[in-house]
Amino acid sequence: MDLSELKEGQTATVARVGGDGPFRRRLLEMGFLRGTDIYVEKYAPLRDPIELILKGYHVSLRMDEAARIQVENVRDSR
Amino acid sequence: MPKKSITIALAGNPNSGKSTIFNNLTGTRQKVGNWPGVTVEKKEGHLKTNGYDLAVVDLPGTYSLTAYSIEEIVARNFILDEKPDVVVGIIDASNLERNLYLATQLRELDTKVIFVLNMADCARERGIKIDADKLRELLDVPVIFTVGNRNQGTSELLKTIISTAEAEIDLPRTRRVYYGKDIEKAINELSEFIREKTSAGLPYHIRWIAIKLLENDKIVKERVLEYTNPYGEAILQEAELKREHLREFFDEEPEIVMTDHRYGFIAGIMKEVEKTVSKQRVDVSRQIDQVLTNRLLGLPIFVFFIWAMFQLTFSLGAYPMDWIDAGVGWLGVGADRILPEGLFADLIVNGIIAGVGSVAIFLPNILILFFCIALFEDTGYMARAAFLMDKVMHLIGLHGKSFIPMLMGFGCNVPAIMATRTLESEKDRILTILINPMMSCAARLPVYILLAGAFFGAKAGNAIFSIYALGIVLAISVGRLFRSTLLRGKVAPFVMELPPYRVPMFKGLLIHMWDRSKIFLKKIGGVILIGSVIIWFLSAFPKHVQFSRNYESEIANISVHYDASIAAAQGDLVEKLVSERDEAISALEVLRAREKVERSYIGRLGKVLSPVFAPIGMDWRGSVAVLTGFVAKEIVVSTMGVLYAVGAEEDEKSDALKVALRKSNMTPLSAYAMMAFVLIYVPCLATVAVIRRETNSWKWAVFSITYSTILAWLVAFLIYQGGKVVGLA
Ligand SMILES: Nc1nc2c(ncn2[C@@H]2O[C@H](COP(=O)(O)OP(=O)(O)OP(=O)(O)O)[C@@H](O)[C@H]2O)c(=O)[nH]1
Ligand SMILES: [Mg+2]
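In order, the protein sequences belong to chains A and B.
In the working numbering, each residue carries its 1-based index in the first sequence increased by 368.
In the working numbering, each residue carries its 1-based index in the second sequence increased by 204.
Worth flagging that the hints you see were computed from the coordinates, not collected in a lab.
Every residue, glycine too, gets a C-beta built ideally from N, C-alpha and C.
Check each hint, because a few of them may be wrong.
Using C-beta positions, here's what the derived DEER-type ranges look like [said to hold, decoys possible]:
hint: 1; chain 1: B; residue 1: Glu248; chain 2: A; residue 2: Glu373; range: 44 to 54 angstroms
hint: 2; chain 1: B; residue 1: Ala438; chain 2: A; residue 2: Gly389; range: 23 to 33 angstroms
hint: 3; chain 1: A; residue 1: Gly389; chain 2: B; residue 2: Glu452; range: 14 to 24 angstroms
hint: 4; chain 1: A; residue 1: Ala435; chain 2: B; residue 2: Gly231; range: 41 to 51 angstroms
hint: 5; chain 1: B; residue 1: Arg684; chain 2: A; residue 2: Glu373; range: 21 to 31 angstroms
hint: 6; chain 1: B; residue 1: Asp335; chain 2: A; residue 2: Gly403; range: 23 to 33 angstroms
hint: 7; chain 1: B; residue 1: Leu889; chain 2: A; residue 2: Glu373; range: 49 to 59 angstroms
Here are the simulated lysine-lysine pairs, DSSO-like style, with alpha carbons at most 30 angstroms apart [what the hints assert, rightly or not]:
hint: 8; chain 1: B; residue 1: Lys389; chain 2: B; residue 2: Lys363
hint: 9; chain 1: B; residue 1: Lys711; chain 2: A; residue 2: Lys375
hint: 10; chain 1: B; residue 1: Lys631; chain 2: B; residue 2: Lys252
hint: 11; chain 1: B; residue 1: Lys401; chain 2: B; residue 2: Lys389
hint: 12; chain 1: B; residue 1: Lys246; chain 2: B; residue 2: Lys422
hint: 13; chain 1: B; residue 1: Lys287; chain 2: A; residue 2: Lys375
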């Protein structure tokens, strides 16, 4: 499943980060690693971008990019 | 005793508090703000302590030593090339894990490092407990806590810096990131290979070079070619071979696997040093954000904030503005009385006081505007604005981060254009720079307030707000156009950290505001003063001009005519006749003064310009004002101040310019067209210079001047002529 398919308030675990070169690396450096839990805090008013919480900090990502992150073990955690 | 000098670099993740600590150490006032990417240039500061000369360098924030955008490259190159004696890693303690990533990389460099756990207060608040002793022991680096915005821990940091600089430290450190059997093997083999090929003269430790080559680091590759000639090629080939091998083995890029290992190393440390003792009950920042970036309310609230900012600027600013205006008026009248009539008095009253005074009265508005922008910056709302506007910016093929420079543009375009350095893609950057001047800066505000105040009465606020809106709409349309023609390209990816909201330090806000106002005051005392004097000079000379009618004899005739009647009259009639006479004479004098200016140097220049500006409803005075505004946009006002001061009546010195404008043949429609023109046309000199510097080409600077001026004329033409057609004139 893609990260972009999650609903607000759901948590999932990163399975794989796709995409190309430098940007992919930047995501990994910011902590989007396999096995990391990501919580979907909210969607922006126009449903793009998306606000996530991982490793204790908030980060926003565009839907296009979020779609490149494969997640598993999706769970509701409100 | 000879002073010992030490160079220290402050490095760390964006928004971790580097500039705050820098200010604490050096006592300077580098800009601080609660969003990632405030600092875009390295800044050096100095301090002397205990016989040491410390040069402290504040660097832009980076997430890792792999740099993407210009400002990150600056930071990274400084650390790699300038070899500071001590690298101080500023770590956001409330966000330890991610911050340790860069910190680990800094430590890997095998230079002297200190870890500063800043934002200790936030960590404590969140119930995070960090065992600093353990961290020190595990990583073998000095660790200290600070609270930057309260200036806590500064003296300890200073002590640690000096003791670290003086200490003999065993490098390389024994405990380091272990990259797994296969990568370690590759690192060792590659290190050996490099060692065999070159004896000495390598800029960095061999293991580090090997690691970076395996990570395919561009800059390190360049350095290796530079330093290990003629073996550079061979080394790079060997590294590529190893990368190939690893890639096959892991079915993944080696640098990705290595990133994984670094985080693995960090996870091990985290387990030992960090404990969450109590879950925070309510996360206030998150609660606030639930409202401010709410799906339904987010955008309306954002628009409201912007609207409120301008309303405050105008309505609250109006009171002190009136006082200053009264003061300036009083000064003018006073100077007129005291000074003996003549050229000098004219220069002081109609040149300097009228010119400089007409701009100085806007100081309160500008203070308020900058206060509001500082509020956005310091609370953390800036990053939210980028978050909210991302989709809108998408329309022009830009992303949300481009919106931060645009919002800053409301203050001043110069720092705003510099803030574009955080954008990774060069095309995005140029596009953002080109549309930035459409965001109406504080210098244009005086023009709007003056014109709208003179012609729109109670609706002035709305008129001005609509000009700002026009700027935004144009920025988006022009941006789209450029995107699809000149600067075609893919939308760059958008990742942006959203820092927690913080209560701004009141002192910080005041400092922010004051620093900007100082710039404004300097402009008033400098370029605006000079500009006013020049304009006055050009309008007062040549001293003798050929008038179209003989004012002298007409005035004499009137006197003679009335004097005869007055002598014959009696009672009330005498007074009436006297005042009639005076009125007739002063009307003629005003006409004469007007004609004199029209025939002065500046009037002649204006007449040359007026065919260009007549179709957009500007008379020659407006044309000249607009021309001078290229230097700085406030000068539009001071020039009008000087040009309209001539012939203004004595008792009207306060509010004189507005009255004079209303008496001229300007209409609300032509005033609005002029406002639009001033919004769009050539950015000021300082902005052009910064565009040239930031794009590194005259081409874009010239392009910016040209397109904006043409566009300005077209828009003003549409407004003026269109308005006339609809019957607004
Ligand atoms: N609560 C708290 N806030 C802090 C502390 N240190 C800095 N801040 C605030 O954190 C924000 C970021 O500080 P800066 O000094 O601008 O951070 P920076 O690292 O220079 O940021 P960039 O230049 O964007 O990389 C500001 O709002 C500071 O007031 C601290 O110890 N505690
Ligand atoms: Mg900074």
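Hint-by-hint comparison with the structure:
no., hint, in the structure
1, Glu248/B / Glu373/A: 44 to 54 angstroms, "holds, 48 angstroms"
2, Ala438/B / Gly389/A: 23 to 33 angstroms, "holds, 25 angstroms"
3, Gly389/A / Glu452/B: 14 to 24 angstroms, "holds, 18 angstroms"
4, Ala435/A / Gly231/B: 41 to 51 angstroms, "holds, 48 angstroms"
5, Arg684/B / Glu373/A: 21 to 31 angstroms, "holds, 30 angstroms"
6, Asp335/B / Gly403/A: 23 to 33 angstroms, "holds, 24 angstroms"
7, Leu889/B / Glu373/A: 49 to 59 angstroms, "holds, 51 angstroms"
8, Lys389/B / Lys363/B, "violated, 40 angstroms"
9, Lys711/B / Lys375/A, "violated, 41 angstroms"
10, Lys631/B / Lys252/B, "violated, 43 angstroms"
11, Lys401/B / Lys389/B, "holds, 18 angstroms"
12, Lys246/B / Lys422/B, "holds, 22 angstroms"
13, Lys287/B / Lys375/A, "violated, 47 angstroms"
In summary, the numbered hints that this structure violates are 8, 9, 10 and 13.
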